[in-house]
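Novice: Below, each chain spelled out in residue letters.
2 protein chains.
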Amino acid sequence: MAVTIKDVAREANVSIATVSLVIHNHRRISNATKNKVRDIIERLNYTPSRSARGLVSNKTGNIGFIITNDHFLRNEPFYTQIFIGTEIESKENDFYVLLSIIESDFKERDALPRFILDRNVDGVIVAGKVPEPLTEKLLALKIPVVYIDYIPKYSKFSTITVDNVKGGYLAVNHLIELGHKRIAFVGGDIEHPSIRDRLKGYAQALEKAGLKIDNALIETSEEYPARANGYNAAKKLFSVNNGNITAVFTCNDAMALGVIQYLRDNNRRVPDDISVIGFDDILTERTNDIQLSTVNVPKMEIGIEAMRLISALIKDEKLLSKKIILPVELVERQSTKKLL
Amino acid sequence: MAVTIKDVAREANVSIATVSLVIHNHRRISNATKNKVRDIIERLNYTPSRSARGLVSNKTGNIGFIITNDHFLRNEPFYTQIFIGTEIESKENDFYVLLSIIESDFKERDALPRFILDRNVDGVIVAGKVPEPLTEKLLALKIPVVYIDYIPKYSKFSTITVDNVKGGYLAVNHLIELGHKRIAFVGGDIEHPSIRDRLKGYAQALEKAGLKIDNALIETSEEYPARANGYNAAKKLFSVNNGNITAVFTCNDAMALGVIQYLRDNNRRVPDDISVIGFDDILTERTNDIQLSTVNVPKMEIGIEAMRLISALIKDEKLLSKKIILPVELVERQSTKKLL
DNA sequence: GTGAAAGCGCTAACAT
DNA sequence: ATGTTAGCGCTTTCAC
Chain A
1 MAVTIKDVAR
11 EANVSIATVS
21 LVIHNHRRIS
31 NATKNKVRDI
41 IERLNYTPSR
51 SARGLVSNKT
61 GNIGFIITND
71 HFLRNEPFYT
81 QIFIGTEIES
91 KENDFYVLLS
101 IIESDFKERD
111 ALPRFILDRN
121 VDGVIVAGKV
131 PEPLTEKLLA
141 LKIPVVYIDY
151 IPKYSKFSTI
161 TVDNVKGGYL
171 AVNHLIELGH
181 KRIAFVGGDI
191 EHPSIRDRLK
201 GYAQALEKAG
211 LKIDNALIET
221 SEEYPARANG
231 YNAAKKLFSV
241 NNGNITAVFT
251 CNDAMALGVI
261 QYLRDNNRRV
271 PDDISVIGFD
281 DILTERTNDI
291 QLSTVNVPKM
301 EIGIEAMRLI
311 SALIKDEKLL
321 SKKIILPVEL
331 VERQSTKKLL
Chain B
1 MAVTIKDVAR
11 EANVSIATVS
21 LVIHNHRRIS
31 NATKNKVRDI
41 IERLNYTPSR
51 SARGLVSNKT
61 GNIGFIITND
71 HFLRNEPFYT
81 QIFIGTEIES
91 KENDFYVLLS
101 IIESDFKERD
111 ALPRFILDRN
121 VDGVIVAGKV
131 PEPLTEKLLA
141 LKIPVVYIDY
151 IPKYSKFSTI
161 TVDNVKGGYL
171 AVNHLIELGH
181 KRIAFVGGDI
191 EHPSIRDRLK
201 GYAQALEKAG
211 LKIDNALIET
221 SEEYPARANG
231 YNAAKKLFSV
241 NNGNITAVFT
251 CNDAMALGVI
261 QYLRDNNRRV
271 PDDISVIGFD
281 DILTERTNDI
291 QLSTVNVPKM
301 EIGIEAMRLI
311 SALIKDEKLL
321 SKKIILPVEL
331 VERQSTKKLL
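Keeping their order, the protein sequence lines are chains A and B.
At position 20 of the first sequence (counting the first as 1) the number is 20 in this note's numbering, and the numbers step up by one without a gap.
At position 25 of the second sequence (counting the first as 1) the number is 25 in this note's numbering, and the numbers step up by one without a gap.
It is worth saying that the hints were derived from the structure and are not from the lab.
These numbers come from a predicted model, not from an experiment.
Fair warning: there could be bad hints in the mix.
With a Cα cut of at most 30 Å, we get these calculated DSBU-like pairs of lysine-lysine [to be verified]: (1) B:K318 - A:K36; (2) A:K142 - A:K200; (3) A:K315 - B:K91; (4) A:K6 - B:K142; (5) A:K91 - A:K107; (6) B:K59 - A:K6; (7) A:K142 - B:K6; (8) A:K91 - B:K315; (9) A:K338 - A:K315; (10) A:K36 - A:K6; (11) A:K59 - B:K6; (12) B:K91 - A:K107; (13) A:K59 - B:K59; (14) B:K6 - B:K153; (15) B:K315 - A:K6; (16) B:K156 - B:K212; (17) B:K36 - B:K156; (18) B:K142 - B:K315; (19) A:K142 - B:K59; (20) A:K315 - B:K6; (21) A:K315 - B:K142; (22) B:K142 - B:K322; (23) B:K318 - A:K142; (24) B:K107 - A:K91; (25) B:K156 - A:K59; (26) A:K137 - B:K91; (27) B:K200 - A:K59; (28) A:K156 - A:K181; (29) A:K59 - B:K315; (30) B:K91 - B:K156.
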C-alpha cells in the first residue's frame, strides 16, 4: 500500500488532522509544525488519495470534455488542439480531463455522457456546436458548464469564443486591400453563431470599403462546413457569377480546400485567377498543396481559458456566467494575391 | 446530495450489504431480491460513487494514456484516432482515460505523469516511441502497462502493434507488380522497431521477386519521420541515383509527402515519372493534393485492443505479458502507377 | 495551536 | 439468503 496521511502523522508526531491542515495551508498551524510536516511529506513522497478526498468533499477533481463525433472524428486537429489546451491547463488547477464523444444528432432520449451519470466530474466543457437537447439536459443538472466555440441559444452558460466578426473583417479587408472588389462568401451551417459572425465581419469590411453587399455572392447552407460542401458551394457560385468573382472568403479552411479544388477542376488558378482565404488555420505541414491564407484561431489558448474558467466556476459558486472572447489574427500565405 | 446505497437499501427494505451484493451480481442473493433491488436502483437512478468504491477497493477506475508531444502535437490524427479508440472501448470496461503528454526527451530526473504520482490510475497505456527512462520508471512501479505501436527494449511489457513487416511487404510488392524494379526506401529513425520492420518487409518483397537489395536505394536517418526529413532524404537519394529510381516506399505518409514535394520541385511527376507509396493512411480528406497510395493501419482498433488488454491485465493478475499484432491493408490510390 | 472523533459511500469478512 | 460491522483515507467540527 501507498503511504497515507497516517504514516505522515506518525512520523511527524502529530495528528492526522494537523497533517490535513498543513496540506491545506491552514493559518491555525504554526510555521514550525508546517515545515516539519512538509519535510516529512516530501521525504515519504506522500500524495493524498483522490478517492478519499473525493468521498468526503463530494468532489471528483475531474472535468468532462464533451464534443460531437462530427467535430472530433473528422480528423481535424482543430478540436484536438483545444482538448490539449484543457489538458495542459488542467495540471495547474489539479484537475483531470475526461473525454466524451457524443453523437452529432444527440436526442432528448439519449443518455448523457457516462461521466455525468456516474457523477464523476465537477464540471463540464462543451466544445463546438452541440444539439439543443444536450444543452437542455445540462441546464437541468445545475452543474458548472463552459461552452467553447459555440453559444447555445436560450442559455446563460459561460462561453469561450473567438472574435469571429473581427476575423471575418480582417480576412475580407485583406482581400480588399489586394484590390479585390467582387468577393464571395462561402459558408456552411449558417445557424452556427461563429459562421454568422464571420459573415457579419465580411459585410462590415465591404461596407467600410464602400462596396455593396451582393447576395448572389453569398453561398451558405445548413450543412457541416466541410470540404465537399465547399466544392458544391463554389460550383453554384461560379456557374452563376461566371468570370465575375475574383476572391472568396470561406468560413473555414476545410471549405476553402473544397473551393480551391473546384476552381482547379475548372481551370482557374489560385491565387493567380482567384484569391481564396479561409478561417481557423488548421492546415500547417500536412500537405504539399498551396499554403492557405487564413485567420488564425488560438486553439490551445481556447482550451486553456476554458479550463481556467470552469475551474473558477467550480471553486467560486458566486461566479455565475462569464463570456470570454479571444482575439484572432490574419495569416497571409499563398492563396491570396494582389488583383492585377 | 445524490442518491446513495443507503437510500436504495431503505427503499428496498434490505441492508446496504445486500444492495452491494446485488450490484456485483453475487450468487448468494435470491433472484427475487435481486429483481426488487434492481428495480429500485433503476427507479432512484442510483449509480455507485466511484470515490467510495475507489477508497475501499484501492482502485481508481482510470487508465492513463501517455504520449510524447512529438507524437500528439504534430497535428497528426494518427495517435488521436488511437486515443479515441481507447476512449470508446473504455465504456465497455467501465474505465475512464486520462491523457498525459510528456516531453519527447523525457529524462531520468523528469517527473512521471501526474496521474501516476497521484496514484490516480490503475494501469497505463503508452503510445508511440517513448524514451527509455520512462520505460524504466514504469517498470519499477509494477503497474500494468500496455505499449502501443512500440516495443520497448529490455522489457516484458504487453504490446499492441501492427504487422509492419507484412505492410512493408505489401507496399513494395504492389510496386513490383506495377513493374517497378528500382525501388527506394525512405525512412526516419531506424531505431524505431516499426520502421525497422517496414524496411524488413521491403527487403522481403524484393528478395521474393528476385530483385537485389541495393543499399544506395535505402535512405534512413535518426530523425523523426516527418515531412521535412522526407524531403531531405529524397534530395540525397535522387541526386545520387539520378534517373534510376522509379518508385519510392516511405516508412510513413508524412515522409511520402516530403518526397513528393521534392520530386515536384525537381520537375518529376508523381505518379507518371515516379510512384510513391506511404504507410499509416492518415491523409484522407484534408488536402486537395494527390491521393496517396499507402498501407492502412487500423488506428481505432489499436486503441480498442489496447484498452481491452490493459483492462484484462488489471482484472487478472496472472495475465502477465501479451503481444497482439493487428493486420494492415494495402490501399491503392493515385500516387502509384504501372511502369511503362 | 493541536488532537479526537465523526462520517463521507462503499466492500467484504463475519455473523446469523 | 441476508444483515452487521469494520475500515478504506481523508476533511472538518468541536474540544482542549
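Novice: Which of the numbered hints are not met once you compare them with the structure shown?
Specialist: 1, 2, 5, 9, 14, 16, 17, 21, 23, 25, 27 and 28
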